[in-house]
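So that you can map any letter, position 43 of the sequence shown is 43 in our numbering, and since no number is skipped, the others follow by simple counting.
Hints are supplied without guarantee of correctness; some may be wrong.
As the list claims (entries may be wrong) - In silico lysine to any residue, SDA-like type, Cα no more than 25 Å apart, as pairs: (1) 491 <-> 326; (2) 403 <-> 356; (3) 356 <-> 208; (4) 253 <-> 267; (5) 495 <-> 447; (6) 242 <-> 256; (7) 176 <-> 140; (8) 512 <-> 430; (9) 403 <-> 326; (10) 356 <-> 370; (11) 242 <-> 225; (12) 512 <-> 326.
Because the hints were derived from the structure by calculation, they are not lab data.
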Amino acid sequence: MAVCSYPPRVFTSSQPGTRPRLSGRVDPTVPVHGLSSLILRFPPNFVRQLSTKARRNCSNIGVAQIVAASWSNNNHNSGVSAVPSATAVDAAATAAISVDPAQISGGDEVAVFENGVQLGEAFPLKEASFLSSDGSLAIHAGERLGRGIVTDAITTPVVNTSAYFFKKTADLIDFKEKRATSFEYGRYGNPTTVVVEEKISALEGAESTMILASGMCASTVLLMALVPAGGHIVTTTDCYRKTRIFIETILPKMGITATIIDPADVGALETALDEHKVSLFFTESPTNPFLRCVDIKLVSDLCHKKGALVCIDGTFATPLNQKALALGADLVVHSATKFIGGHNDVLAGCISGSMKLISEIRTLHHVLGGALNPNAAYLIIRGMKTLHLRVQQQNSTALRMAKILEAHPKVAHVYYPGLPSHPEHQLAKRQMTGFGGVVSFEIDGDLMRTIKFVDALKIPYIAPSFGGCESIVDQPAIMSYWDLSQPDRIKYGIKDNLVRFSFGVEDFEDLKADILQALETI
Numbered sequence: 001m002a003v004c005s006y007p008p009r010v011f012t013s014s015q016p017g018t019r020p021r022l023s024g025r026v027d028p029t030v031p032v033h034g035l036s037s038l039i040l041r042f043p044p045n046f047v048r049q050l051s052t053k054a055r056r057n058c059s060n061i062g063v064a065q066i067v068a069a070s071w072s073n074n075n076h077n078s079g080v081s082a083v084p085s086a087t088a089v090d091a092a093a094t095a096a097i098s099v100d101p102a103q104i105s106g107g108d109e110v111a112v113f114e115n116g117v118q119l120g121e122a123f124p125l126k127e128a129s130f131l132s133s134d135g136s137l138a139i140h141a142g143e144r145l146g147r148g149i150v151t152d153a154i155t156t157p158v159v160n161t162s163a164y165f166f167k168k169t170a171d172l173i174d175f176k177e178k179r180a181t182s183f184e185y186g187r188y189g190n191p192t193t194v195v196v197e198e199k200i201s202a203l204e205g206a207e208s209t210m211i212l213a214s215g216m217c218a219s220t221v222l223l224m225a226l227v228p229a230g231g232h233i234v235t236t237t238d239c240y241r242k243t244r245i246f247i248e249t250i251l252p253k254m255g256i257t258a259t260i261i262d263p264a265d266v267g268a269l270e271t272a273l274d275e276h277k278v279s280l281f282f283t284e285s286p287t288n289p290f291l292r293c294v295d296i297k298l299v300s301d302l303c304h305k306k307g308a309l310v311c312i313d314g315t316f317a318t319p320l321n322q323k324a325l326a327l328g329a330d331l332v333v334h335s336a337t338k339f340i341g342g343h344n345d346v347l348a349g350c351i352s353g354s355m356k357l358i359s360e361i362r363t364l365h366h367v368l369g370g371a372l373n374p375n376a377a378y379l380i381i382r383g384m385k386t387l388h389l390r391v392q393q394q395n396s397t398a399l400r401m402a403k404i405l406e407a408h409p410k411v412a413h414v415y416y417p418g419l420p421s422h423p424e425h426q427l428a429k430r431q432m433t434g435f436g437g438v439v440s441f442e443i444d445g446d447l448m449r450t451i452k453f454v455d456a457l458k459i460p461y462i463a464p465s466f467g468g469c470e471s472i473v474d475q476p477a478i479m480s481y482w483d484l485s486q487p488d489r490i491k492y493g494i495k496d497n498l499v500r501f502s503f504g505v506e507d508f509e510d511l512k513a514d515i516l517q518a519l520e521t522i
């Protein structure tokens, strides 16, 4: 049993959406001074007073008691009606709470623990000065910085519930009239998934993030939410095929048209912006499978002058290698199935950006569904603990192998932004801190010779997807485009000899030896 409060930050009724500060932990040994002069208000649906037996039964996740409370002393003159109080804690629980009001800054609310008090909610991330790197944020954001599930467990509990109850009808009315907050229903949110959203927001420097059931769910909901019927979008030639199919076959049913340009063709983008009322420029960077890079700062400047939004699919980059929002993009999308999850065991997608835009997308998401299961959210949380370690290893292995492959006589061409031969190499150096763990290359040969090379590999799995601990290899002509004729595949640049190799976290020397021995077989 997990006991939770929604959202991960506890809001006062008089200040919905504000960010109280976590100012420290109160020593439970400090005697109470003037506790009777302080009135504890308990927002509806937040009070969970557990019996001794229930507390024992919950001990597996370290939950003893949660009371989401707010100090009312500073709210008498707020002009906002108070949230009706729920049942107060009993005497035994009250005796266990030792609060020194002098340590409470600004009258912020507190989440009361059985053995002490954690004040308010998480630090604003800019104040978390003890976390100086993305690696530390990936581990602690949304958890050590404060989470909506009150527990002394190090790991975040999985809250498996389809709905959230109200103790009485008055509490429900308070929620409906926006004097109290609740997830209400599982499709609208979950305390475990919120932890994932907080982590990704921290890494992307975003005001808000929403997590969805898959990367394609994220992309399609975003496009439908932000592009009006009859609108126009711009996208790039090189992209995930299912994204292209959605843009070319589904969006036109809503009267939405698209201009498709080369990732580096800024002139074509300017022409599209001049000739159409463009709502959105949607592109990957790096792209799939040729790892082309888009000048995010430049296209953002151009689009914003014409009133168009910019969304970057940063799945191949990860939030560690590229900060699309800081470069000017309005939104960034990831298939969290890939590097963010990182273990080839979960499907998820995420969208990060301003609170305004994410709220607009979330409204449609709540209608369409596509909610992430909390068990899947836990796998994402677990995977993100090692994100920086994995990405560092994958960056290093991919770059070293790209150089070796480029020099090999049986390899015709290598596509990797970390190589000087890549058309956007200088751009990638400016806007990325690492070049990613995927390398695409063309074997010097035909379809069958390439198949022979792939089949000779012993370490990687032949599979779709990328970004996991295990290396994965595929021939896009077969894996993704086999339903098309060879001439039609060529229209998309997909040759029969193209290989996409996602490097896992295996030892570099093992991977090197395996690839070289496979090349020797052809």
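Query raised in the report: Is it true that the CA of residue 491 sits at most 25 Å from the CA of residue 326?
Result: Violated, at roughly 34 Å.
Query raised in the report: Has the given pair, residue 242 with residue 225, been kept, meaning a C-alpha gap of at most 25 Å?
Result: holds, 18 Å
Query raised in the report: Is residue 403 within 25 Å of residue 326, Cα to Cα?
Result: violated, 30 Å
Requested in this report: With a cut-off of 25 Å on the C-alpha distance, tell me whether residue 176 and residue 140 pass.
Outcome: violated, 33 Å
Query raised in the report: Is it true that the CA of residue 356 sits at most 25 Å from the CA of residue 208?
Result: holds, 9 Å
Query raised in the report: Quick one, are residue 242 and residue 256 close enough, alpha carbons at most 25 Å?
Result: holds, 17 Å
Report task. Compare the distance between the alpha carbons of residue 253 and residue 267 with 25 Å, and conclude whether the hinted pair is satisfied. Result -> Since the Cα atoms of residue 253 and residue 267 sit roughly 28 Å apart, the hinted pair is violated (cutoff 25 Å).
Query raised in the report: Is the hinted pair residue 403 and residue 356 satisfied, with a Cα-Cα distance of at most 25 Å?
Result: violated, 44 Å
**Report entry** 25 Å limit on alpha-carbon distance, applied to hinted pair residue 512 and residue 430
**Finding:** With a Cα-Cα distance of about 28 Å, the restraint between residue 512 and residue 430 is violated, given a limit of 25 Å.
**Report entry** Agreement of residue 512 and residue 326 with the hint, judged by alpha carbon distance not exceeding 25 Å
**Finding:** violated, 35 Å
Query raised in the report: Under the criterion that the straight-line Cα-Cα distance not exceed 25 Å, is the pair residue 356, residue 370 satisfied?
Result: holds, 20 Å
Query raised in the report: Does residue 447 lie within 25 Å of residue 495 when you go C-alpha to C-alpha?
Result: holds, 8 Å
Of the numbered hints given earlier, the model fails hints 1, 2, 4, 7, 8, 9, 12; all others are met.
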